[in-house]
Every structure is written in structure tokens, then in C-alpha cells.
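Protein chains in written order, with numbering that gives the first Met the number 0: chain A, 0 to 416; chain B, 0 to 269.
Worth double-checking, as some hints may not be accurate.
[As the list claims (entries may be wrong)] With beta-carbon atoms standing in for the labels, derived distance ranges:
no., chain 1, residue 1, chain 2, residue 2, range
1, A, 24, B, 46, 50 to 60 Å
2, A, 4, B, 145, 34 to 44 Å
3, B, 88, A, 18, 47 to 57 Å
4, A, 278, B, 76, 45 to 55 Å
5, A, 390, B, 19, 49 to 59 Å
6, B, 99, A, 32, 50 to 60 Å
[What the hints assert, rightly or not] Chain A regions said to be covered by chain B (calculated; three or more residues, Cβ under 8 Å):
no., region
7, 229-239
8, 303-310
[As the list claims (entries may be wrong)] Mimicking SDA-like on lysine to any residue, the simulated pairs with C-alpha atoms at most 25 Å apart in a straight line are:
no., chain 1, residue 1, chain 2, residue 2
9, B, 74, A, 320
10, B, 173, A, 393
11, A, 12, A, 393
12, B, 82, A, 379
13, B, 128, A, 302
14, B, 83, A, 393
15, B, 83, A, 410
16, B, 149, A, 321
17, B, 106, A, 328
18, B, 125, A, 332
19, B, 125, A, 321
20, B, 116, A, 302
21, B, 149, A, 135
22, A, 91, A, 135
23, B, 173, A, 306
24, B, 82, A, 300
25, B, 149, A, 329
26, B, 106, A, 318
27, B, 149, A, 393
I should point out that these hints are in silico values taken from the structure, not numbers from a laboratory. For glycine and all other residues, C-beta sits at the position ideal for the given N, C-alpha and C.
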Amino acid sequence: MKHTLNQVFHSGKFLVGFTILMTVLVIVFVYPLIVRTPPLQIIGQGTFFPPGIYVSTYDAINAPTVYTLNLPDAEARRIANRLTQEDRIAMKEWLVAFGVPEEEIDIDDTAQLLAQWEANYDPNLRLPGMTFARHRYFQRVNASIDGLLSTEGAIIAARNPETGELTEKSIVKQTDFANVNDIANVRILTLGTDNFGRDVTTQLVAAAGVSLLIGLVAGLIATTIGLVLGLMAGYIGGVVDDVIMFVTNLFTVIPTFVLLILISFSIGQDRRGAVTIAIVIGFTSWVWTARAVRSQVFSLRNRDHVNLSKLSGHPLPRIIFADILPYIASYVVMAFILQISSGILAEAGLSILGLGPRTTETPTLGLMMNWAMIYQAHILGKWWAYMPVLLTIALITFSMNLMNTGLDQVFNPALRD
Amino acid sequence: MASSGNLCLSGTGVTKVFGFGRHRTLAVDHVDFAFHEGEIISIVGESGSGKTTLAKMLLGLISVTEGEIYFQGKKRDISSGRKKKEYWRNIQAIFQDPFSAYNTFHKIDAVLLDCIKLRGGGGLPKEEKVRLMTEACSFVNLKYAELTNKYPFELSGGQMQRLMIARIFLLKPKILIADEPTSMIDACSRATILDYLMKLRDETGMTLIFITHDIGLAYYVSDTVYIMEHGRFVESGSADEVILHPKQPYTRRLISDVPKIYEEWDLSTV
Ligand SMILES: Nc1ncnc2c1ncn2[C@@H]1O[C@H](COP(=O)(O)OP(=O)(O)O)[C@@H](O)[C@H]1O
Ligand SMILES: [Mg+2]
């Protein structure tokens, strides 16, 4: 036994899979201790904020110390930030259409381009053949480059609540800097926000935990049912075997996923908690374990060591626990691991169809996929709302399959390399 | 000598059918037999003739499809777990393949301790148990001290089969069924195993049912011989009668196979 464990942990594949899974588990347990916001709290007003570090503008202006940094490339960066190459080409297009000779326009000479724009652009003029959307686009570009070359600072003013008069408080110059450490509110949103304005990272960690739990519960249930039924059918045989095999065959011909959909649907949205879903998944996915255990027990019960055990007067429970179970333990462990990963996938599949756990309590990986799909994150190109979820699902199931292959190599000498 | 003792195990029309429909196998086909106390009986037949199946029925390990088995003249009753356990105090077996006859997760100690328990010695002090186990091991020339804390698969096939005999030594059953006990063992160990088996039988006076495919061996060890072909007993009687004056062509063929082996062997060594 100890020897086998030793071998298991010397299997490279198992170790890699185990390490990945343990890393996921550690993150699931440690992350909530550091970030304490509830995973489903809505923090963003608006949908799909991209990943990044969010700095409070108000706090940046009011930072206690203002530093002056004279950076030579500051102006160039500022312009590039607000006037992209795409915008420049569009501006040239407008100017040419308006009537400025093409050879006079140099889109790389920012000052000249802006001067030509200033002189010719009229926001109210809609050129012939231009769509309304295009017209609006030029209005936006015009607004964003407003005052781009200005060297004046921006004035911060406060309004007197009684008179409504503005009093100048300070001037923010182009060379003013605030140290991020001085800013009261900075929020890192590694994976941005989702369609409801919720932090995707926090949600993802919580969802991974819940999905693992669902997989674990579903796997435990499926493995237990499969093991017990398989043992009974295989060892007792006869009528018991016939009845169990009849039920098993029924479950085999009805596609499990269809069954899963029907049951989830009939339970109703209100009563579908994460654990309920896990139980439903468990109860519909024991079939293959039962079949495999049955056939293994079938050949084991005719082995002479079982006969010898009977001849030694051992009662049935002892024969099952001491003479049968140890021989199929490795297989059962492997089946259990596969059941966990397929449970996670089943939950994801159900939730994508909108038949997953109810949505108000906890996120699951499947629910996150469902939300991302409903709000068309994939069409809008908001990759952060679904890619990390997909990767997490893939990583967890991959690690489990890797562990499984590793175990297979240890337990099945024919596969050893 | 064969019919002098009391009847200890007998059967009428004993039949075993495996499976049904296309997979139906008639493994044992209406066999009648009468084994007497203290007798050495050989059951001889080719592989697949149903010897092991019959042995398992005699042991009560598998059900009998048809027919009746009598133990000590009375209908055998093994309908409950307790009755089975009682029956197994009287009848034990040594199996053909020692490599699959042990639970590989249990140490050798456990096998021998089980035997002491079955004999009602579960409450004995530890030293007494060790003494019994040591005695049993030394009967088959094994050292108990070297075997404790070892797993069965760490022994050789011959050693494992000797341990099986030690097990029988502890159990002292009335009947022992030895199902081809030497066929999976290397040639060098065969004679030793056979010697220990005969020594044990001589000391205990138990009934020995010796199953083999080697009719020469059967002649060498047994009083009575049953010849089995396709699940049926085609010929039976005292060893001399059956082997020196065979009536059935099947028996003659089994006998003619034996010298052939020696001829071939002789040719190759010349
Ligand atoms: N558990 C079983 N299920 C189906 N057929 C069996 C089973 N055990 C033995 N048989 C069949 O019964 C016949 C006799 O087998 P067996 O008693 O093992 O022969 P022997 O011991 O003489 O070699 C064979 O044809 C074998 O295939
Ligand atoms: Mg056999």
C-alpha cells in the first residue's frame, strides 16, 4: 500500500496534475482571505470594464503631494493616447473629402494636421455619402482632440453651494504627477468586470470553488452508487444482477445529459441550489462506474483467493471489504477523479443552457459562461468575461485527467513506460 | 480396501450447467460417486473436462444445478452461513494456482491465523498461536520466523503451495480436495509438494481427493480412480483395475500419453 502511494507520487503525470489542482485549491481558499468583497457584489456602473488598474481620478487630483516630473516624451504619449493612427487616417479622409488637396496632408505631422483640422472641420456639416455613424465618429474625434496641444493646465474649481459661484482651487499642470501609493483608492481588476459590473477575478475564484464542490459531491454520489450497485450485481449475481443491469441499461440508452436537463428543468429555478445540482448530476452519472465495477467483481469473485477466504469461514462483508475492494480500489479512485471532472463539465453544460444553480447566491463556472453568453461577451470581444472561465474549466479537468493517466500507469503495469 | 470405510462424500446425478442459451456449458454431467473415509481418490481427466467445477461443487463454493451431494451418508445442508462454516471445518482444498490463491494485500500470518480461528483457537494466547504456526510451517520445511511480515507474492510458487499444506496441517479437515496442486509448480518442487501431501494424509488419515490430468501420478498415489471425460465419469474403480486393465478408449489414450512423454525425453538426452 505504502509502496503504491510512493509510486503514485513518483509518476510525473500524476504529480503535474496534482500540483495544478492543489494550486487551484490553495487559490480558492487563500484569495477570499485577502479580497473580502463578496463575489457577486456589483461594483462597476456599466458593463464589461476591461482588465486593468483603476485609479480614482478624484483622489489623484487630491493626492497630498504633487510631484513635478519633466519627462521629454510626456507630450508625445499624451497625443498618441488620444489621437490614434486610425484617427489620423480618418481625419485625412474627412479633409480630402472636404476638399483639402491630399498632398498637403501629412498625418505624421501632428501640429500641421491639427491646424488643418481646426481650420476646416465643422461638426454640423455632414458630407454627402457619409453614414450617420461615421458622422458621429468624427464628432467624437473632434471632441477628444480638443485642447490637445494646449500647454495650459486644467483649472480645478469648487462651486459655492449658496451663490453658485466658482472659485479656483488649484491648477493641474501637464507636468504634475501623483504617486500611486498616495492615492486613497486604487482597485486592481485583473480580469475587469462582467456584464453586471462585478469583479471577474473574485467571481472566478469563488466559482472555481463552488464548481469543485459540485464536482466533488457529484463524484462522491456517482462513485458510491456505482460502487454499491456494481458490487451487488457482480458479487451476488442472479436476479439482483438482472434487476441492476436492467436499470443500468435504461440509464445507458437514455443519454445522461438529456436526463439531467429534464430533471433540472422539473426541479424549477427556485429550488436549484449548487448542491441540488450536484446531487442531480451524481444521480445521473453512476452508470459507467457500476458497469465497470460489476465486470471486475465478476472476475474477482471466481478467483481462488476469494474461495480460500470463504473456506476460511469469513463472512460476506469481510470478503467484500478485504478480498474484493482492495483489488478494485485503484480503479474506483480513478473513476472518482473522472467523475469529479465530468461533474464540473456537466454543471457548466447545464448552466450554459440556463438550467444551472439559481443565480442569486453563488457563482459557478457554468453560470459565468451563461452570463457571458447572454450578454454576448464573445460577440463584443469582451474576452475577459469568458476566456478565463474556459481556461479554468480546462485547467481543472486537464489536471484531473492527468492525475488519472498517472494513476493508470502505476496501477496498470502494461502502460508503464 | 476401497469400500471398507464409511461413506464420507457421495453424490448422485451431480450436474453443473454454466450460463444459458448460446453460452450454455454443461461442465459436469450427471456424475455418481461414493468416496469413503480414509480413501485416496484420484479424479483424472484432460483440462476442461470439469474436474475443478466438480471440486467447487463438492466444496460448496458453487451451487449444484442438479443432483444431490451426501456428506457422511446424509444430504448435505449448507443453506446458511453458519452451516457452511461448519461444513468447511470438515472439507478443505488446495488450489491449482498458488499465485492467485492468496489475497495479495494480506501478510502470510493472516492466512495461518485464520486457520487457527476456524479451528476455534481464536482465544488462545499469542505464544500458543505462534507455536502452532511455527509447527505448521516446519511440517513443510518453512521457517515461520522468516515468513512473518512477508507477503505471499514474495515467496516462490513451491513455497506458496507448501504454505497451503501448512494451512491444511492447522485445519486438520476430514476431507481434502487437492486440485492439480503441482501443475503450476516448477518441476523440481513437484515431488516435494507431493511428499508433504502424502505425509500429511498419512498422519491425519483424512480422505484425499486428488485431482490431476496425469494418470501416472494418479496410479502412484491413489486407491480409487475416477476417469472424467467431458463432464462425465467414464470409468472408475481401484487404481490397479482401471489403469492396468482399462476398458474405455479414453482411459487407454490417457495412459498411452504417459510413456510417450518419457520416450521423447529419452530421445532428447541420448
Ligand atoms: N465460471 C464459469 N463460467 C462458465 N463456464 C465455466 C466456468 N468455470 C468453468 N467453466 C467451463 O466448464 C468446463 C470445465 O471447466 P473446469 O472444471 O475448469 O475443467 P478442468 O478443471 O477439468 O480443467 C470448461 O469448458 C470451462 O470453460
Ligand atoms: Mg482445473
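Inset, instruction - Starting from residue 82 of chain B, check that the Cα of residue 300 of chain A is at most 25 Å away, please. - result: Given that 25 Å is the threshold and the Cα spacing comes to 21 Å, the pair holds.
Inset, instruction - Starting from residue 83 of chain B, check that the Cα of residue 410 of chain A is at most 25 Å away, please. - result: violated, 35 Å
Inset, instruction - State, for the Cβ atoms of residue 24 of chain A and residue 46 of chain B, whether the hinted interval 50 to 60 Å holds or is violated. - result: holds, 55 Å
Legend entry - Holds or violated: residue 82 of chain B to residue 379 of chain A, with C-alpha atoms at most 25 Å apart: violated, 76 Å
Inset, instruction - Look at the Cβ atoms of residue 4 of chain A and residue 145 of chain B and judge whether their distance stays inside 34 to 44 Å. - result: violated, 27 Å
Legend entry - Given hint residue 135 of chain A paired with residue 149 of chain B - CA-CA distance at most 25 Å: violated, 86 Å
Legend entry - Hinted pair residue 173 of chain B and residue 306 of chain A, Cα distance within 25 Å: Measuring from Cα to Cα gives roughly 18 Å; hence the hint holds.
Inset, instruction - Given the range 49 to 59 Å, decide if the beta-carbon distance of residue 390 of chain A to residue 19 of chain B lies inside it. - result: Holds: the Cβ-Cβ distance is about 54 Å, inside 49 to 59 Å.
Inset, instruction - Given the hint that residue 12 of chain A pairs with residue 393 of chain A, test it: the Cα-Cα distance must not exceed 25 Å. - result: Judged against 25 Å, a Cα distance of about 16 Å means the pair holds.
Legend entry - Coverage claim, chain B over the region 229-239 of chain A, checked by counting residues with Cβ within 8 Å (three needed): Since three or more residues must qualify, the claim that chain B covers the region 229-239 of chain A is violated, with 0 doing so at under 8 Å.
Inset, instruction - Starting from residue 128 of chain B, check that the Cα of residue 302 of chain A is at most 25 Å away, please. - result: violated, 28 Å
Legend entry - Outcome, coverage of the region 303-310 of chain A by chain B - at least 3 residues whose beta-carbon is closer than 8 Å to one in that chain: With 7 residues close enough to chain B, the hint holds.
Comparing the model with each numbered hint stated earlier shows that hints 2, 7, 9, 10, 12, 13, 14, 15, 18, 21 and 27 do not hold.
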